[in-house]
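So the protein sequences, as listed, match chains L and H.
The first sequence: position 44 = 547 (my numbering), numbered continuously.
The second sequence: position 114 = 1577 (my numbering), numbered continuously.
Hints in this document: simulated from the structure, not taken from any laboratory.
Some hints here could point you the wrong way.
Partner residues are not named here, just some residues of chain H that face chain L (Cβ under 7 Å, in silico) [claimed, not checked]:
#1 Leu1548
#2 Met1551
#3 Val1571
#4 Asn1572
#5 Phe1579
#6 Ala1584
#7 Pro1641
Glycine included, C-beta positions come from ideal geometry on N, C-alpha and C.
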Amino acid sequence: MAESTAPTDDEDLAARTLNTLWRIRRFEEAVDELFARGLMHGTMHLSVGQEATATGACLALRPDDLISSTHRGHGHCIAKGADLNRMMAELLAKETGYCAGRGGSMHIADVTTGNLGANGIVAGGIPIAVGAALAQRLRGTDRVAVSFFGDGAANEGACHEAMNMAAIWSLPVVFFCENNRYGMSFSTERAFAVKEISERAAGYGMPGVTIDGNDVDAVYAATRDAVARARSGEGPTFIEAVTYRWKGHSKSDQNLYRTRDEIEEWRARDPISRFERAATASGALTERDVEEIRGHARDAVRAAVETGLAAPDARPGSLLDAVYATPAGRAS
Amino acid sequence: MTLAPTTGAAPPATRDLTYAEAVREALAQAMDDDPDVFLLGEDIGVYGGAFGVTGDLVHRYGTDRVRDTPISELGIVGAAVGAALVGMRPVVEIQFSDFTCQAMDQIVNQAAKIHFMLGGAAQVPMVLRAPGGSGTGAAAQHSQSLEAWFAHVPGLKVVMPATPADAKGLLLAAVDDPNPVVVLEHKLLYKRSGPVPEGPYRVPLSQAAVHREGKDLTIVATGVMVSRALAAADRLAAQGVTATVVDPRTLKPLDSDTVLAAVKATGRVLLVQEAPSTCGFMAEVAALIAGSDALYTLLAPIARLGGLDVPIPYAPQLERAAVPQTEDITAASLELMKY
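Build out the structure end to end from the sequences listed, making use of the hints.
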């Protein structure tokens, strides 16, 4: 285990990290393009510019650890290990998608890799992660649950109730707040009277840290420490990772609430090129490694689009049978 | 009072328990059967539950499995959803059904929809128990009958036990079910006694009970209205009118066959609920009857008797006036007999 190693310093971690970063970026760029070309319907919440948070946090998890995700959840899903083909098929409304076309982008999930689901309700996944962690406590496992949520969710009552319950019961949860500076159009400056959201952790009796969410090393280190605490029974931790979404909140966003300069300033802090510079400077990756990884990610996403477009459309015939689980289908 | 036993083969050994004791016995047997079953709720531990339902369970099963929670209904239900998603079988107690309003996101947007939204890749086998209904002087925020809200949501199952035996049998079936089941108990019934089978006993979640059979009309009633309907049926019998009394028990999925068969056999039907009539559950039953061939057998219009369209008031005489009483059911039945 490279427990104390930074992703930018370690060949294996660096390669895995960059691979995940580019898979997320290319996936979402492809989604953006498919939408623009009218080949994808519905709405999308893209995390372009925020890839370091999902990547660094999931890198610190075991495959059997659990996450709850958000409406901006493609990155979490990919970073936890989901199959790009089934993800893209779902967004393309295909029968072969993760949710057989019943969920789409906002409900993407891969429970086999521990992703309990994106969520269309802000803060909806936070109490769910606490419950998943409670189940681990009751069963005596050492699995950890990480709840991803945004700065907007931090102001929902669900977040308050969930954080308190996790704290009083010392549950193995990591509250991972991706502060991308805006809840839709409402800036964190307007939405919070505290300077850092992590200050609130003290009110629940848990440690809280604020980190640079565009720095994979910082995200990985903070999550690794929080997961270690959780796994050893010391309880939950609150991590605030400050980042920025380059794209609008969703497809309807005209960016009326922020300036072009601000967006450009954050684009200059691109977490992926920053990681590439650091990992090549440290010698963990060569320029050629970087090119190869970029190429792999591009090819994987291209293949996902091709297979997705060719897949059969979601079938309406089975809709009524899909509402209730049957006892025979009881999962472990 | 003691209700007549439900239809179906009577299981062997029964003894009288209160409705609350029957629920407690079901919870204990569910926990004995399956280590994944655990209870979650406000004051369900040493306090024993606001209505004394969980009683001594914390001493028998420990504070992990009979888990007291902070006053955080949304968090409690959310935690149950999360635990259920990874294979546990949580049974949540919400102290008053009115407080489910605090938890609606997790009930309606999460628990009910996750199996569907995820394309069947996950299940939410949880039970939410909550006492509803009026009659205790607790006024408008502690007395509602909200069953129609839940029955309207695809993905939820909804149960309203009216007898101690059903309180136990329906709850054990709900715990077994791989879906979220809302069990609406009734505060006025907790202290009522009746015969309850000793062993783990399950009432399928789609089977109505025919409590009494008559020739002149069918009364369909839910919750505490079942015992009032039976009392009304006694009074009607004294006047030479015999009534069939049907309790759907499970509102969703509804045993429409039993309801329709009873209506066809009697030609008149009175639908009784405690909740306000407008958009209530019995409106659905009325539509079911009107849309079926039972319509052609009707000798009288379909009649509904529900609560007034008002919040439940505090003063006892006002509270009583707001929901159907035995004499109202008797009178409405006699009205039907004029046809």
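Now the hints, each set against the structure:
1. Leu1548: holds (5 Å)
2. Met1551: Result: holds, 5 Å to nearest chain L Cβ.
3. Val1571: violated (10 Å)
4. Asn1572: holds (5 Å)
5. Phe1579: holds (5 Å)
6. Ala1584: Since the shortest Cβ distance to chain L is 5 Å, the answer is holds.
7. Pro1641: Cβ of proline 1641(H) sits 4 Å from chain L, so the hint holds.
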